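Enquirer: Listed below are the residues making up each chain.
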Amino acid sequence: MNLLEIRELSVEFPAGEGSVKAVSGVSFDIREGETFGIIGESGSGKSVVGLALLRLLPANARISGNVCFVGKDIFSLEPSELRKIRGKRISLMPQNPAGALNPALKNGLQIGEVFER
Amino acid sequence: MDNVFADRFRREDFLPQPGEYGGDFVKRVFQRKDMLFALAALVLFAGVALFAPLLSPYDPNAIDLKNKNLGPSEGHLLGTDYLGRDLLSRILIGARISLSIAFGVVLISLFVGIAAGCAAGYYGGLVDESVSRVIDIFLSFPGVIFALTIVGVLGSGVFNLMLALSIVQWARYARLMRGQVLTLKKQEFVLSAVTSGAGDFHIIRRHIVPNAIAPLLVLATIDLGHVILSIATLSFLGIGLPADIPEWGAMLSAGKEFMRTAPHQTIFPGLAITFVVVIFSILGDGIRDILDPHHEGGEMY
Chain H
1 MNLLEIRELS VEFPAGEGSV KAVSGVSFDI REGETFGIIG ESGSGKSVVG
51 LALLRLLPAN ARISGNVCFV GKDIFSLEPS ELRKIRGKRI SLMPQNPAGA
101 LNPALKNGLQ IGEVFER
Chain U
1001 MDNVFADRFR REDFLPQPGE YGGDFVKRVF QRKDMLFALA ALVLFAGVAL
1051 FAPLLSPYDP NAIDLKNKNL GPSEGHLLGT DYLGRDLLSR ILIGARISLS
1101 IAFGVVLISL FVGIAAGCAA GYYGGLVDES VSRVIDIFLS FPGVIFALTI
1151 VGVLGSGVFN LMLALSIVQW ARYARLMRGQ VLTLKKQEFV LSAVTSGAGD
1201 FHIIRRHIVP NAIAPLLVLA TIDLGHVILS IATLSFLGIG LPADIPEWGA
1251 MLSAGKEFMR TAPHQTIFPG LAITFVVVIF SILGDGIRDI LDPHHEGGEM
1301 Y
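As they're listed, the protein sequences go chains H and U. For reference, each letter of the first sequence is one residue, going 1 to 117 in the working numbering. For reference, each letter of the second sequence is one residue, going 1001 to 1301 in the working numbering.
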């Protein structure tokens, strides 16, 4: 069974009068236990695909297509359901990992936080 | 340990042990000499305010027209005002009212401002638009006129005055907080908190407020002095506190008429206000330095 199914995923950002296509018609499946990599030039939309999977794109992004995670449609999930998937089932490691730590809190606290949930 | 003062207090259980929550903050306060002095002076003022009825040599409202407008002397250490009331006693008793109004107003506006600013900055969209417009409305009035209207409607009194000044002040905190939240929201650590499944309230409490609080605390310390002066303004306009309540601002404006013949009536309450304002500015500066996340460490990469 496929863990993650992505069908015809397209992302557009409105820019000026027209819009910028960041991702157009991406489809792929990831099976359980599989390691899957996406390689491409900078600006080719790798990160946008990753952000779209967790619905982390800014509100002005126009997204079309389907993303199914273990049979659930990610784009139609309730926010509370989505929060159960974020971090637990699908994690995202952003670029610039140094910025991922809050400068006002102690590091140990923030690393421990991940395991509490 | 590296600080004698902190160690002594820690032994007597006044301070949290190192490693306890906030222990680091307290330790760094004690490492700064200027904050230590300001803190000691603040404790002194608070103590005076608390024990004022025991300390003051005269009844602050006892009118003695035979001895009015006296300069500082042995009988009246700081002299008397235009009704012959002892200035020292009035300043001591007045510390209680001035400080409690100032603290009350700043705390209320700090809390309301943080809540409104967080809501506006974090949620954006319609919430932001409506909260921001309300902030604009409150900021578009001159503060004194607004406070005048509110006190006029509610009637005078310590609590009503506090309420009126808070209603005037909170919008500035909210606007500052909103701006802070807007920049913090785009930081990587907020994104990573969202990715790891954190809820809105958790992110605001844990990640946004601790990073945004420093400039608000500085504004709060400046405001403490500002509020005392606002009370003086309102007293001057005749809608501050009732005449029998001694208050620094009111004393200042009452003494103004006798500035040429008896300047001590304005100098001493003015000095009291100045001391409190300076104490809070020093504390505010120190708190900002300590809480500023970019203060030490700098760029790691």
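Keep in mind that the hints were calculated from the coordinates and are not lab data. Heads up, some of the hints might be wrong.
[Said to hold, decoys possible] No more than 20 Å apart at the CA atoms, straight line, and that leaves these computed lysine to aspartate or glutamate pairs for DMTMM-like:
{"hint": "1", "chain 1": "H", "residue 1": "K72", "chain 2": "H", "residue 2": "E8"}
{"hint": "2", "chain 1": "H", "residue 1": "K106", "chain 2": "U", "residue 2": "E1188"}
{"hint": "3", "chain 1": "H", "residue 1": "K88", "chain 2": "U", "residue 2": "E1188"}
{"hint": "4", "chain 1": "H", "residue 1": "K106", "chain 2": "U", "residue 2": "D1289"}
{"hint": "5", "chain 1": "U", "residue 1": "K1185", "chain 2": "U", "residue 2": "D1200"}
Model, not experiment: these values are computed from the prediction.
Enquirer: Now tell me, hint by hint, if it's right for this structure.
Expert: Okay, the hints, checked on the actual structure:
Straight-line distance between C-alpha atoms of K72 (chain H) and E8 (chain H) comes to about 16 Å, which keeps the hinted pair within the 20 Å bound. Between K106 (chain H) and E1188 (chain U) the alpha-carbon distance is near 16 Å, which keeps this suggested pair within the 20 Å criterion. Distance restraint check for K88 (chain H) and E1188 (chain U): the Cα-Cα separation of roughly 19 Å lies within the 20 Å cut-off, and the hinted pair is therefore satisfied. For the hint linking K106 (chain H) to D1289 (chain U), the alpha-carbon distance of about 17 Å falls within 20 Å, and the restraint holds.
Our distance criterion of 20 Å between C-alpha atoms is met by K1185 (chain U) and D1200 (chain U), whose separation comes to about 11 Å.
In this structure, none of the earlier numbered hints is contradicted; all agree with it.
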